[in-house]
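**Student:** Sequence:
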Amino acid sequence: MVAVKTLQERLAAREGERRDGRYVEEARHALTQAGAVVERARRDPSSRRHLELAVAAAVAASNVAPTRETVAHVAEEVLGYGPLQALLVDPEITDVMVNGPEEIYVERQGRLEKTALQFRDERHLLEVARRIAGDAGRRLDAAHPCVDARLPDGSRFHAILPPLSLKGPCLTIRRFRREVFTLEDLLERGSLTPGALKILERAVEGRQNILISGNTGSGKTTLLTALAARIDPRERVITIEDAAELNLPLPHVVALETRPAGVDGHPGVTLRELVKNALRMRPDRLLIGEMRGAEAFDVLQAWHTGHRGSFCTVHANGPEDALLRFTTLASLAPERPPFAVLKRQVKATVDLVVHLERTPEGRRHLAQICTWDKGKLRPLLLADGEREYPVKGSPAREVS
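The opening residue of the sequence shown carries number 515 in our numbering; numbering runs sequentially from there.
One thing to keep in mind: the hints can contain errors.
[Claimed, not checked] Pair ranges (Cβ atoms, derived):
1) E715 to A656: 48 to 54 Å
2) R850 to D649: 36 to 42 Å
3) P781 to E693: 31 to 37 Å
4) P781 to V855: 29 to 35 Å
[Said to hold, decoys possible] In silico DSSO-like cross-links for lysine-lysine, where the CA-CA straight-line distance does not exceed 27 Å:
5) K712 to K861
6) K712 to K890
7) K890 to K861
8) K861 to K790
9) K888 to K857
10) K790 to K857
11) K857 to K890
12) K712 to K681
13) K628 to K681
14) K890 to K628
The set of hints was computed from the structure by calculation and includes no laboratory data.
Even glycine gets a Cβ: it sits at the ideal position worked out from N, Cα and C.
Could you put the whole structure together from the sequences, leaning on the hints where they help?
**Tutor:** Shown next, in the form of structure tokens:
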């Protein structure tokens, strides 16, 4: 215990060098000598005391008395994610963005803000990035300069390294929300109108196929989860995602997640393969987190052959754009289906297009619900958060 205090006070006394990183590097080097003890402490917080004892033994030669605060700081450097650690436990923060060692941004309550936090240098940032990637079972190095993965707590992690990134290593972490919002919650928060809630309730109960569109951060996954909460608990639901985010309050859910090709040579598993496998698993409903490629063709065929009441999301700027993107992605399949045939199938299978928007102030809300009217897209509801606008006289629109 005396040795632990010695380390802490010595670090506190050398605050200038600690900010410089030189002394922290020395302490961190001592910590890494603990080897297996460090790994055990990272996996099991209850064994952190063993780590402190290992640190004390490693720096027993130090002759200065320590402070507990600094040992905690150094321990976080080895066990946690450095300057990102505090951000990742803040319940108000939904996204963390790192643009090189000197810029760390967060999204808090829908708004972006720059923090005062920084990494010591690019080496420090790269070390933390590799540690995060390692926790997700991925490698991040010159041979693998891009990583897109799910962390153990469910958060999504993306990293890209130089020379692909010109500002140094760049990280993005979208935190996993354990809280599940219902349609009523979204109504109370001003994201839905009463009219929208009624339409969506009827759509889920009527087993309509729903395409949810919007830009990044518009609330697509949140709405999909809220819709899923309305599904009859006796139904078997299969979710398919690139990185698992959905947290469904249902008893009979099978979650499928893609797998990238491994560094050991094992092949990856794509969204398309998962969709095909899901169809063999006797699903009552399919929920696809986000369509990005040729898997749209398999989703379309599933919907076209009787798998009703399914939902999926797609990045798009509006309802027409969402349908065009769905069709275009389906056309990427190696089967080379005729575009005209795909358009007819989309019109025959997509019952509702629900488009979401996010305002510059960070407010997320449902903007449109559209359906088909004699082969053309017609709005059922137009809204801006809590306000609805009349749709009488709104013309049905042709989708190119």
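**Student:** Now, for every hint given, state plainly whether the structure supports it.
**Tutor:** So, going through the hints one by one against the coordinates:
About 52 Å separates the C-beta atoms of E715 and A656, a value consistent with the hinted range of 48 to 54 Å. Distance hint check: the CB atoms of R850 and D649 are about 41 Å apart, consistent with the given range 36 to 42 Å. With their beta carbons about 36 Å apart, P781 and E693 fall inside the hinted range of 31 to 37 Å. Judged by the Cβ atoms, the range 29 to 35 Å given for P781 and V855 holds: they are separated by roughly 31 Å.
About 23 Å separates the Cα atoms of K712 and K861, which keeps this hinted pair within 27 Å; it holds. Taken as a hint, the K712 and K890 pair is honoured in the structure, with Cα atoms around 23 Å apart against an allowance of 27 Å. The straight-line distance between the Cα atoms of K890 and K861 is roughly 9 Å, inside the 27 Å bound, and the hint therefore holds. Taking the CA atoms of K861 and K790, the gap is about 22 Å. The hint holds against a cut of 27 Å.
Simply put, K888 and K857 have alpha-carbon atoms about 14 Å apart, close enough for the 27 Å limit, and the pair holds. Among the hinted pairs, K790 with K857 is consistent with the structure: their alpha-carbon atoms are about 21 Å apart, no more than 27 Å. Under the criterion of a C-alpha separation no larger than 27 Å, the hint pairing K857 with K890 is consistent with the structure, at around 12 Å. A distance of roughly 47 Å separates the Cα atoms of K712 and K681; the hinted pair therefore is violated under the 27 Å criterion.
Note on K628 and K681: the hinted pairing holds, with a Cα-Cα distance of about 16 Å set against a maximum of 27 Å. Our distance criterion of 27 Å between C-alpha atoms is broken by K890 and K628, whose separation comes to about 45 Å.
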